[in-house]
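Model the full assembly from the supplied sequences, consistent with the hints where possible.
Spelled out from the first residue to the last, the chains are:
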Amino acid sequence: MIRLERRPQPSRLWVWCTPLLAVALTMLAGGLMFAALGKDPIEAIRTIFFDPLFNPQFASYSRPQLLVKAGPLILIAIGLALGFRAGVWNIGAEGQYIMGAICGAAVALALYPLDSPIVFPAMVLAGLLGGFAWAMIPGVLRTAFNTNEILVSLLLVYVAEQILAAMALGLLRNPDGGGFPGSRNLQQYPSAANLELIAGTGMHWGVVTAFITVILAYIVLTRHVLGFHIRVTGSSPRAARFAGVVPARLILICLGVSGALAGMAGLYEVAGPAGQITIDFNSGYGFTAIIVAFLGRLHPVGILLAGLLMALTYIGGELAQFMLGLPAAAIQLFQGMLLFFLLGVDVLSNYRIRIGRPGVA
Amino acid sequence: MDLSTFNWLPLLAALMVASTPILLAGIGELVVEKAGVLNLGVEGMMITGAVCGFAMAIATESAVIGFVSAAVGGAVLSLLFGVLTQVLLSNQVATGLALTLFGLGLSAVLGQNYIGVKGIEISAVNLGPLADIPFLGPVLFQHDGMVYVSLLMVVAVWYFLNRTRAGLVLRAVGESHDAAHALGYKVVRIRLAAIAFGGACAGLGGAYLSLIRVPQWTEGMTAGAGWLALALVVFASWKPGRVLIGAYLFGGLTVLQLNLQAAGVKVPVELLSMSPYVITILVLVLISSGRRGRQTAAPASLGRAFHATT
Amino acid sequence: MTQPNSQEAPLLRINALTKAYPGVIANEDVSFDIGTAEIHALLGENGAGKSTLVKMIYGLVKPDSGQMVFAGAPFAPPAPAAARQTGVAMVFQHFSLFEALNVAENVALGMENPPAMGQLAERITSVSRAYGLPLDPARRVGDLSAGERQRVEIVRCLLQDPKLLIMDEPTSVLTPQEVEILFETLRKLRAEGTSILYISHKLEEIRTLCDRATILRRGKVVAKTDPQQASASELAEMMVGTALKPAARVTGMKGAVMLEVRGLSMAAPSDFGTALKDLSFQVNAGEILGIGGVAGNGQDELLLALSGEITTAAGTVRMQDDDLSQQGPLERRRAGLLCAPEERLGHAAVPDMSLTENAMLTARVRENMDKAGMLDWGAARSFAQDVIKAFDVRTPGPATAAQALSGGNLQKFVVGREILQQPSVLVVNQPTWGVDAAAAAAIRQALLDLAAQGAAVVMISQDLDEILEIADRFVALNGGQLSASEPVEGLTLERIGLMLGGAHGMEVAQGAPAHATAPQGGPS
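Protein chains in written order, with the numbering used here: chain A, 1329 to 1689; chain B, 7 to 316; chain C, 3 to 526.
Derived by calculation from the structure, the hints in this document are not laboratory data.
Among the clues, some could well be false.
Said to hold, decoys possible - Here are the simulated DSSO-like pairs of lysine-lysine, each with C-alpha atoms no more than 27 Å apart in a straight line:
hint, chain 1, residue 1, chain 2, residue 2
1, C, K165, C, K222
2, C, K64, C, K165
3, C, K64, B, K192
4, C, K222, C, K204
5, C, K190, C, K204
6, C, K165, B, K192
What follows is the structure in structure tokens.
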């Protein structure tokens, strides 16, 4: 008989080993899935995890992509992790990402064709505020009316998608675009473009922001009273109130910060890699970031690594789609599997597995 | 727009059909939450049910087999969640989200060969003379069997929860798993059964979308219906009868919105499309502000992990 | 009174039961007999292994080795249902009740084959009347007081005509008057032939009620005795192992009023909580005010109102010239008003955080553990170390998680953490609840010492003996209302009981034993 026995305190070893174990198990199960789809599992895994970095034919293109994809994932996941740690479940980052992009792009398009160094900072600020404001909706509803923030933040994603469609077809449509949906391409507007800072690396302002955020989040969580209060609240809300935490304020901070970061991620994306507001501008970063946050153990450094890994599966997935004809959805399934395995093996860090008769010490 | 020329009959006739998916998923989730488990993976189970049901119905040309497969598919997927949360004690919120993400991916993979495929014909149940009643006939009595199954399900769940001992035990587990355990009830087993039932219901709801409501398979076709079903349970204050009312209200809204779009009302399409979500949020606010700070209706152990220490 | 038939074959023979958990042997080679129609005491302090033993009898835990014989037949219940079918019923210490369900539903859940709801309600009414435990089957359990909830548990057991009734610390939620009535009910049950296994650490109760006693210490049977022949101090020594010296009381000078509560009212913070109604009291420097009462009468709410977790109308909570009513916990700590809540894990301390982090939790503002929001973990660690040293907290070190400590050690840490911050006013709720005797004595002594140094102490406690031992004045908290205060000196248990609201409508079990299962008419 197999039993679980609670550890007096979480095992430090397993806390860091479980993500690796989860990745290994996902590769195994993923391999089986690829085999079931009629693909050579070893080749598929190699194409996803190794070719983007080391294949001489593709690496020069796909290596910079790593940072391009990881940037927004890390940026969003850091914000989400702060909330998740406090038991504040913002799962609508996708919506905040969209609203950030719309607001940032709107500022750029309003100023077009002004050539000034203030354009880009103004856009970043607008993007930040857009995401922040969108996240404040569930925040205020939760604190004022005790409305479930999980459902509200998620439902607002669908609302944001409709706003995006309305913007791409209406207000923000490129007047010189011959009636096609979509805004002007911001990459062709030098003052607004979020270009690669070091050629060939994929490093743009969003990636820089993501790295800075990782460092700041690390300091906040380990050294600052806010981070301490976040951790206490997530662990036991009553003890947090006893310690002087005002729950409403903490909820607003967590949602606000995660919204602002998601909004900035959206802005950097629309001003950089995506270039323009289109109907299908959003590509699920807001949801994938949830996986990144958990895979990174809600820890800034972990999220940094997890973001890079998840970016790799995106790039590798595209490569596998192109090279092996693997369906695009397979990679989404693969990512979902990873989160499942991670949650499953997590039990090892909090519990000991005992085999044998119960009660025998 | 001149509302007097607006044709209300097709709208009302479509109401029951439009409501059935979230009614099925909602009543299933209600049972899950009554047992003290919060499964946020409804969307993932629905869409998996949608693709399983569609694929099996096409393969066997039988709607019944389609629906049964959808229920099985939803239940199997939900048991993944069940094992993770009940046996391996993972966080229910995180695992529910994972289930949704996983389900969306899984369904897309399973359904890639069914995009654009035409669904099977499913005819209405023959209710004889009832169907011929003017106005009421088309509105109430000319639907497919699942509409009536879903209504029966509401009654059955109400009866089970309020009139049977097993239902009492299930509610007790949702109120206090520690007390239930102390009295010797098998908390984990009961919860797993509830989770599987919820998964089967969500699967049926999804299959209703792909087999009857739409009827075809497209990726991501549930478009938030699973989340609406979750909101529905909150709206209903965990009462089966109110799930029915809520589902028909939401369904009515959806139909109205689509009809207004079709009628070419001078309101932006996007505004109409987002209206069900916006109104759901407003309803949630209304419901929650009615009992500020107090969660009277929610099962006391909702979302809490149970680990027997003895 | 019927004498116990201990000469006959026992109802339950427990033979060499052993049960080990990782790192601790809960029961080792435990053997004793419970006779038919006997009230048998199982005596032992917290952590002695009483709970594990009864869980084995009730089928919740399987013994590692050993056997039981019930009424002549081997008895090894695989689950509580099997134990109930054999005739074992149990009244739990931490109630096994469901707050959102009504009385009848709760009773049905504890029965093997309950009758239809309507019929069950009738039986509940009749049995509860027959035994002086009035209950309304349609009421929601969440709205009942702790005493009433216990009646639900007892009635649930009685409806199954048990041969053996296990009661785990039943009097902790009762006033002295209610205890008397409960004892009458138990004696009546004994007269009807029911055996009772009575678990307690309250010696006087056992001496008045029980026929025989088995004493457990660290999982082993250390003595079997006739409690009516032994003195309370002899029993205590057998239970604890050593003679504990009573707390040394230094009556210092009473100083100025430190904390004044005036007209404090507060709505119930949760569905099943208690509203506070117009409370007024004051505490002087050098004084311990004991606030007694049965759990669930507003104790938790009062602590929340004093700690600042819930704020109240202006002017209701004052420290000297400061009105703290509208201030949060941080401001109150700065002002010198510190608290130690009842629930150690999850309120007073974060279970999965280290003692260092738990020191940071409440000592940050007074012990200067941060600069502009940046935390000084070194300061927290050394403060935690000081607490561990000063209060003899047995732990490997400050990096240990709070949940890894025993109840007594964690409570010493929690109380010590506040005392070392030199409070002007300290409020403690249930300071020795679930704590072993040695730790409880140390905590009481620390509170006395604190008062002797000139602090004002408010001690909220259900343990009336504890209040009588160390408090200077006593007030009763009952249904969210406070009685006038009385000096502890010269106060009798009976007087306290009346202040606590007396019997709360309980009645002495009526009628002759033969009529117990077929009661006629109402109570006389």
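The hints, checked one at a time:
For the hint pairing K165(C) with K222(C), the CA-to-CA distance comes to about 26 Å; that is within 27 Å, so the pair holds. At most 27 Å may separate the alpha-carbon atoms for a hinted pair to count; K64(C) and K165(C) meet this at roughly 21 Å. The hinted pair formed by K64(C) and K192(B) meets the criterion: a straight-line CA distance of about 16 Å does not exceed 27 Å. Distance restraint check for K222(C) and K204(C): the Cα-Cα separation of roughly 19 Å lies within the 27 Å cut-off, and the hinted pair is therefore satisfied.
Pair hint K190(C) plus K204(C) holds up; C-alpha atoms about 21 Å apart against a cutoff of 27 Å. Between K165(C) and K192(B) the alpha-carbon distance is near 25 Å, which keeps this suggested pair within the 27 Å criterion.
Every hint, counting from the list given before, is met by this structure.
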